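With the hints as a guide, bring both chains together as one complex.
Going line by line, the protein sequences match chains A and B. Here the numbering used here is used: the first sequence runs in plain steps of one and ends on residue 300. Here the numbering used here is used: the second sequence runs in plain steps of one and ends on residue 827.
In case anyone wonders, no lab produced these hints; they're calculated from the structure. Only a predicted model underlies this, so the values are computations on that prediction, with no experimental measurement involved. Since no wrong hints were added, every one of them can be taken at face value.
Cβ-to-Cβ under 7 Å is the rule here; a few derived chain B residues that face chain A:
hint, residue
1, N533
2, L554
3, V698
In silico lysine to any residue, SDA-like type, Cα no more than 20 Å apart, as pairs:
hint, chain 1, residue 1, chain 2, residue 2
4, B, K616, A, R68
5, B, K703, A, A149
6, B, K678, B, R571
7, B, K703, B, A337
8, B, K703, B, K746
9, B, K691, B, D640
10, B, K531, A, R256
11, B, K746, B, P417
12, B, K678, B, A704
13, B, K691, A, Y64
14, B, K678, A, L69
15, B, K408, B, N473
16, B, K691, A, Y61
17, B, K432, B, E765
18, B, K678, B, D695
19, B, K691, A, R58
20, B, K678, A, G84
21, B, K678, A, R256
22, B, K678, A, Y61
23, B, K408, B, L440
24, B, K531, A, G238
Beta carbons: idealized from backbone N, C-alpha and C, even for Gly.
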Amino acid sequence: MKRFRRLSEETGQWCRYVLKRSWYWYKKIAESPGAAISLVLLLLLVLMAVLAPAISPRDPYATYIGPRLSAPSWQFPFGTDVLGRDILSRMIYGSQLSLVVGILSAAFSLVFGVILGSISGFYGGKVDSVLMKVVDIWLGFPPLIFALAIVTILGKGVNNVIMAVGISGIPRLARIVRAQVLSVREMSFVEASHAIGAPSWRIIMIHIVPNVLSSVIVLSTLQVAGAIISAASLSFLGMGAQPPTAEWGLMLNEGRAYMRHAWWMTVFPGMALFITVMAVNLLGDRLRELLDPRYRRSRN
Amino acid sequence: MHRRWLGVLLGLLLLLTSVAALADLTVVWGEDRDDLATLDPRITQSRHELQVIRQVFDSLITLDDAGNPVPWLAESWDVAADYTSITFHLKPGILFHDGTPCNADAFKFTYDSIADPATGSQAAIDYLGPYKGTVVHDDLTFTVEYTRPYGAMISGFVLTYLAPVSPTAVQANGDAWFAENPVGTGPFKFVEWVRRSHITLVKNTEYNWAPANALHNGPAYIDTLGFKFIKENSTRAAALETGEIHVGDLMDPLDVMAFEGDDDFDVFLGRVGGVPVTLYLNTSRFPTNDRAVRQAIFHALDLETIVDNVFFGYLKAATGVLASSTFCYWPGGDGYYPYDPAKAEAILEEAGWVDTNGNGIRDKFGQELSIYCPIIFKATLMTAVQAELRKVGIDLNVENVTKARQDELIMNNEYEAGLVRWVATDPSVLGILMHTDNIPAPGYFKFNWQHYSSSVIDRLLAEAESATSPDERCSIYATLQELVYDLALMVPLQETTQTVVYASNLTGLRWEVGNYQAIFYDVQLAD
Chain A
1 MKRFRRLSEE TGQWCRYVLK RSWYWYKKIA ESPGAAISLV LLLLLVLMAV
51 LAPAISPRDP YATYIGPRLS APSWQFPFGT DVLGRDILSR MIYGSQLSLV
101 VGILSAAFSL VFGVILGSIS GFYGGKVDSV LMKVVDIWLG FPPLIFALAI
151 VTILGKGVNN VIMAVGISGI PRLARIVRAQ VLSVREMSFV EASHAIGAPS
201 WRIIMIHIVP NVLSSVIVLS TLQVAGAIIS AASLSFLGMG AQPPTAEWGL
251 MLNEGRAYMR HAWWMTVFPG MALFITVMAV NLLGDRLREL LDPRYRRSRN
Chain B
301 MHRRWLGVLL GLLLLLTSVA ALADLTVVWG EDRDDLATLD PRITQSRHEL
351 QVIRQVFDSL ITLDDAGNPV PWLAESWDVA ADYTSITFHL KPGILFHDGT
401 PCNADAFKFT YDSIADPATG SQAAIDYLGP YKGTVVHDDL TFTVEYTRPY
451 GAMISGFVLT YLAPVSPTAV QANGDAWFAE NPVGTGPFKF VEWVRRSHIT
501 LVKNTEYNWA PANALHNGPA YIDTLGFKFI KENSTRAAAL ETGEIHVGDL
551 MDPLDVMAFE GDDDFDVFLG RVGGVPVTLY LNTSRFPTND RAVRQAIFHA
601 LDLETIVDNV FFGYLKAATG VLASSTFCYW PGGDGYYPYD PAKAEAILEE
651 AGWVDTNGNG IRDKFGQELS IYCPIIFKAT LMTAVQAELR KVGIDLNVEN
701 VTKARQDELI MNNEYEAGLV RWVATDPSVL GILMHTDNIP APGYFKFNWQ
751 HYSSSVIDRL LAEAESATSP DERCSIYATL QELVYDLALM VPLQETTQTV
801 VYASNLTGLR WEVGNYQAIF YDVQLAD
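The shape of chain B in the complex, shown without the other chains (with noise of 0.2 Å):
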């Protein structure tokens, strides 16, 4: 009798979870940061905000696994001949979430929001080219126009900074709403963000215009998307192996190596083009002023080794001013200076760099080759830099400071060297880090951090925007990058990656080209 109870109730639990999981079918995403501030696509520059940003916003243009470029929003669009502008003819029948209909009208609106300075966009702005204006042809019909011949447009259109938000939420709220309550063409809506704690999306059901290169069309396939800060690895780590979290962004590489092991996890390591991990020189200041300094980095620092040893052989030494995975990459960049700690200490010399005092760290003037860099990440890596560079007589002041402190030491040209990475598809990001009207002064927080001007780079810069075959553009970017590398302005350091530890019972995870943020759409998850 009792056994009889026992086994109608077991059923019943039974059919109560499985409905339970139909009803509520979520996927849960482990996110290393938690401080992100805006979800408004034209206004972020973070990685972090745009893996948010991503599921709920459609692009127009997006790339297949070969990098060429395919149908989203728009069906078809045409180049004009002279690059000054491109016509996008849209799918019919795209809606926001809020109803609004995405038409022509809704990309002008967007675009000439990121155009004005108001906005304070910090990445889609650049972006979005030389600017001239949106004309609409008819709802599904427009033609964006640029002041000069604008070749890098496609890799523009094809980012989520471009994506197009809903003017009726925007008007009706205001930027700053609109930035904590984003509305989008996404496969999934907004729900709710829980400052530090996390943020839930659920499924657009009214979803039926995947790109082109999607597994499926419709409705994504699971219910709810969830995003967890979890800032410690290693609580990261604990979580996906108790199955709080399906998906773990930026896993330690020794947690990668225990997760590869296990047949109930899948590792996806993706390396991300753009900028590498990068020592930025201030040649603004003493002692990186001097090139002799600079150089002498280079030879001192066996990047291979150094990057094997702290993370695990799963990382990459960078060998470029652009991660070899980017459009127009260099590979002079790699051996240009080789490892020769000798001839670091010749050069070092040369230059007048001897230690005087018997401290172990060269002088010169009676002022010691002391080298501060505010960091806000990478501790480790800077320790072993750190060391590598002190037996040459370099000392690398490392300090361990909060964003709010490094954004104040750039502005006010209180460093001497500091760390930048960004992760980008197109190799239009150098203008970013390397254009004058980038020097960052006070209240101006840009990201020339080599407080480097030349006419010369600005002129490389231009030119490679306006050239019109993809061949000219990597010719001009190449000059580019080896005069850089000749004037030693910045020490690349370590290629990003992206390291994913997923749930093996995970499946449809697609990645975006160049950056390798996830997509959801496609996911499925099986019991």
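The shape of chain A in the complex, shown without the other chains (with noise of 0.2 Å):
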């Protein structure tokens, strides 16, 4: 029981601690106005993600709702597509599909990535030379052909592109924060809990992980713009999201066909994941620029 809470303390400092941070970090990323743009733009799209059903003008699945192809006019202000359907309705509702199959595979790569790095990077020895082997090979693959690979064997679905490009992220995850635990283990407070005979999963989590999370936070921005790009292409080769879903890769495979005769079935879709992706981008390069200590020096 006492040591129940002396764990939930510890967790209520660490949230608290982190809820400081986040509100400095806030301030510190809004001094670039690239970066402070791209955070609102972020947002709004969370909020349209969020909102999909009350502001999308249409149902993004009824068919012959407009006149097929139509041109974006006042009542389509994107037109519409082959099957008359609304692509305004349907790239609101793609952007639910894109903001979770990004943030979800991130989270995926982040996770196992932290958990493969940290053993790696604590343990040394052995393991990390049998470890790190296997992630030079997985890091040999082109992120999108191994992401290919495991969709055709698990299945095409939501699920299994989340997991599809989650596992080819987690390689390049594992290596930086295997680098990072390598100089953060040789510190004196982890000896210190050593010496005092702190179990090793305990230092991993208390000591050593919350200390690699800034430059693992930053990749892990990077991936979910990688990770967004990689869905919508998985769906556009027809591996990932199926007809009728609104999900912009898939958009823009429908509207491939007609890109000579009905532009706005391909640069809707194509200038969302655009701004999305460059957003993403854009608020990843200023979280470097703050937390990479290479960056840090040739600013002062």
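Listed below in structure tokens is the structure:
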């Protein structure tokens, strides 16, 4: 019981610390106008995804609500596709899937990347060399090809896409985490924990992971952008979301055949994808600027 | 001084280019598929492969535009009164591209090898019918014999599938080599095949055995015939505009519309015979094992509007198990299950399909009315069909898959619906899709995708095959088509239409009756 209370106290402290740091980082990030804009854009995007049923003007799956392939107009601001579906509504609904897939698959890579990287870095020796050999081989596969292979084995569907994109993102994170852990574990507070007989898992969770998290978060942010693109690419190739799902990559694929006659079928989902990925990337860059010691040094 | 030299140079250049044009008159066909597997007529079942094979191989007989058989390699033929054999009299002096004489022995070799299961014939074997053997009388005369009366023999011999192959080439190099290096008697000789890129043919200068309905005899007019694989519809349209290709196959209806208004291009629309694009419903699996579900699908689809909308009025909704231009087409399918969504819902309700959990999809015994349908083509059409079916509470779960994955799902019986089309001129194609022997099984890729085994259907097919008069055949096939409609084993969706766009300076393009494959023998290219 006592042990539990101490643990919950520590967790509370940790949460408070995280909140305080978040506010601090928010202010830091907003110093750069590009990053501020992308924060706003991302916020809008999240709102769009959450409020999709309320704000989308029409049912994204209803066919022939307008004439097929009608150009953008007041009635259909982004035009309609070949089945007479409203592209604006489909685009709004598409943000849900892109965000969910992007964030969840990045989270998937993050969790497993941190686990792998910490174990490898903390224990060193044979464990490290075996794990890192595996990671090296893994890194050798281009992420998209790797994701394609996984989807082929697991079958299609959103869950499998999340897993596939997530798995293909693990090795990069694992490498970075390991490098960080290698330096953190030599710190005196880690040695002190060892000396008072703390178990390894506790040292990893309480002392090492929080200290490597900052750089990992940056990489994860960039990973979100990559994951959104990968998921859209899979759908574009017919290996991800299936018709009639409103998904940006799938919309691009559907519009491809009509590119010469109906530019709006590809341009709008393409723009949505572009803006989202750019916003995430800009944010990631700003975070790196703030967190990476090399950047900090060059600025001073 | 300068200007005169420039003039001379220009003149030389002009001369050079015109000489080049004379020396190498090339016509290029833009093909929409790039996964050709074989160029052996005995083995193929793909219309994309046949488009190339047709130029390299000749048939014994061909059909004129009215659909009457006319001589090609055979000067004449006699069908036995009881339809158990046919005797051919060949034209003299026909040579394969490798110099082998195309005589009665070559035909015997070709047909014997088709009948040999080791060859792995996918379609030719079906068109050869109940083959017993070939009897060679002399160099130019032979008789093909059947084990039972076979009324459809002529319609088999007009097809590219039964074209003679060079026995010397096959025997010296084997079937696998021949599939990639075809040797026939046709007006064009095979030169090279770069996979996923192009195929090149050159004219056969020895050629003087053109079919009776050709526009000329002797060698072809054009020197080189190219086939370029361009999968993307819009890229094919752009290639036509830039002159990279002269003929574009299976053009997108929107592009056809644009080219129709352009004086530099002509459009050809051929309503292809055979089996239309059809949704085959698997009767061995839930929920399509329920006839009510299958009939409800018919009633729920306003196919005329769907097809008209998706294909901009260029393609036609299917109205039968056979395409309307096919011999023995039964017109009774048109309106057999009229579009009536209320009726579709009533049929489903009556059969116990109700939406109990309010998700918009009906269910029964706690299982959703969800139909898994892997497809490899017609994604837009299927999305439209899916949307219509959803309105009456049926979930058509469409998944775009690769050909390999589709075949695997079919063979392992892991699907409830599949999409098939089959280009053919003769109703005997129904046997390929309906005979009990053609139910797919692991390792056995066949086309009875409805998994429906019926001794009645098998008997009707056998009777139609041995019927001796066309009227008798058609009445048997009509019974069969009505039966299949009544059982609702399949939902015909859209008639296959060859939408070809070609440069208007290209003349003499002919089309094979029934399958509308382009014949380049008479083609000329004006400047």
